[in-house]
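If you want the building blocks of each chain, they are given just below.
2 protein chains.
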Amino acid sequence: MGPKPMSGSSPPQHAPHPLKQTGMVVWLTGLPASGKSTLASALRRNLADASIPACVIDGDELRAGLCSDLGFSEADRRENVRRAGELARFLAAQGLVAIVALVSPYIRDRQSARQRVPLGRFFQVYVDCSVEVCRQRDPKGLYERADRGEIPQFTGVSDPYEAPIAPELHVQTDVESVEASTKRLVEAVRTALGYR
Amino acid sequence: MGPKPMSGSSPPQHAPHPLKQTGMVVWLTGLPASGKSTLASALRRNLADASIPACVIDGDELRAGLCSDLGFSEADRRENVRRAGELARFLAAQGLVAIVALVSPYIRDRQSARQRVPLGRFFQVYVDCSVEVCRQRDPKGLYERADRGEIPQFTGVSDPYEAPIAPELHVQTDVESVEASTKRLVEAVRTALGYR
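Chains U and Z supply the protein sequences, listed in that same order. Here the first sequence stands for residues 209 to 404, where the numbers follow the working numbering. Here the second sequence stands for residues 209 to 404, where the numbers follow the working numbering.
No wet-lab data here; the hints were simulated from the structure. Be aware that one or more of the hints could be misleading.
Cβ-Cβ distance ranges computed for the label pairs, FRET-style [as the list claims (entries may be wrong)]:
(1) U:277 x Z:272: 13 to 23 angstroms
(2) U:368 x Z:374: 33 to 43 angstroms
(3) Z:271 x U:319: 41 to 51 angstroms
(4) Z:386 x U:346: 52 to 62 angstroms
(5) Z:344 x U:358: 52 to 62 angstroms
(6) Z:320 x U:349: 29 to 39 angstroms
(7) U:324 x Z:361: 24 to 34 angstroms
(8) Z:346 x U:373: 41 to 51 angstroms
(9) U:327 x Z:403: 49 to 59 angstroms
(10) U:259 x Z:257: 34 to 44 angstroms
(11) U:353 x Z:374: 25 to 35 angstroms
(12) Z:281 x U:345: 42 to 52 angstroms
All C-beta atoms in this analysis are idealised placements derived from N, C-alpha and C, irrespective of residue type, glycine included.
Here chain U stands alone, though its shape is the one from the complex (with noise of 0.2 angstroms):
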């Protein structure tokens, strides 16, 4: 059996949740190009593939809708980590697998996204992989252009990253295949749901 739904926002007089599926919160964190959206993307199709519905927060579509009215200051980047959580929280009181896929550099931003949400319904995952390897990928150059000066308080370059003291699964992109973290990654994320 899997675990209890969690507690939504919904009053109690309500009727049992339509989706009858336990949300979830799959926050992962990591470097810029470090595999994040890549990982997330993989994650929700497998998820889909088993009627399990999820879908995927990510950091370049925030940007284009929820915190459109944020720049880059770093109270805005703590507001856009403050946004991204409670979209998430809304998603899985739903029933939702709200998979976020963003940098979210400190340790106090998602240490507060995650309170947000009931026991164990919170589910971090790093994904760690060599700044230097990043900057080997860098699909968008944004590494190039940090290094030009062009992006400041650009993460892993001119603003530090926070890793992860105990996440729930460490996955680390530049050691292991793409495949070998996904298998991982969905493998953690099911169990954590209850499907195995």
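Could you slot chain Z onto chain U? The hints should help.
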């Protein structure tokens, strides 16, 4: 057959939508105490009973979470409506019926929310009730507080409410019974969703 699923935010290479469900934004606008939350809850329960995943985005809940950084200046109130719209859009893109219950007094802000959603996927409901009846109800004592000057810029007292010109549905909660308004709302939304 129901309408086609709305185009979501997922890249096209993704698997078919996991919820196999047509998302939609149902936006209830009206004066404070006009009956928006009551109708939203009733609609959500009705859809849930028919296994149509739906959720309510409520003003109070937004203020406690996603919008906890906002005050009640005009700029902040507009930003509150904008974020409600973005949240609803995201949920609808995941296949849920996102029911927004929010005063949202200005036409331009509701129009902005509509324009962020695919054509035909935004269903606006004008929850019409005279300010006199709203004042009599006043379940949270807000009108009373506004009259005492404790709430500046309170819609219906010291701030204008711009009624929708051509809403998808117009209910009159000061004339109809709750049951009658609910019945019309449920039938109209189910028709828009393609369920009858």
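Hint-by-hint comparison with the structure:
The supplied range of 13 to 23 angstroms is met by residue 277 (chain U) and residue 272 (chain Z), whose beta-carbon atoms lie about 20 angstroms from each other. Between residue 368 (chain U) and residue 374 (chain Z) the beta carbon distance is about 53 angstroms. The supplied range of 33 to 43 angstroms is therefore violated. Checked against the hint of 41 to 51 angstroms, the C-beta distance between residue 271 (chain Z) and residue 319 (chain U) comes to roughly 23 angstroms, which is inconsistent with it. Range check, residue 386 (chain Z) to residue 346 (chain U): about 58 angstroms between beta-carbon atoms, so the 52 to 62 angstroms window is met.
About 60 angstroms separates the C-beta atoms of residue 344 (chain Z) and residue 358 (chain U), a value consistent with the hinted range of 52 to 62 angstroms. About 32 angstroms separates the C-beta atoms of residue 320 (chain Z) and residue 349 (chain U), a value consistent with the hinted range of 29 to 39 angstroms. The beta-carbon spacing between residue 324 (chain U) and residue 361 (chain Z), approximately 29 angstroms, falls within the hinted interval of 24 to 34 angstroms. Checked against the hint of 41 to 51 angstroms, the C-beta distance between residue 346 (chain Z) and residue 373 (chain U) comes to roughly 50 angstroms, which is consistent with it.
Checking the proposed 49 to 59 angstroms range against residue 327 (chain U) and residue 403 (chain Z) shows it is violated: the Cβ atoms sit about 37 angstroms from each other. Restraint check, residue 259 (chain U) to residue 257 (chain Z): a C-beta distance of roughly 21 angstroms breaks the suggested window 34 to 44 angstroms. Against the hinted window of 25 to 35 angstroms, the Cβ-Cβ separation of residue 353 (chain U) and residue 374 (chain Z) comes to about 46 angstroms, which falls outside the hint. Judged by the Cβ atoms, the range 42 to 52 angstroms given for residue 281 (chain Z) and residue 345 (chain U) holds: they are separated by roughly 43 angstroms.
Consistency note: the structure conflicts with the earlier hints numbered 2, 3, 9, 10 and 11.
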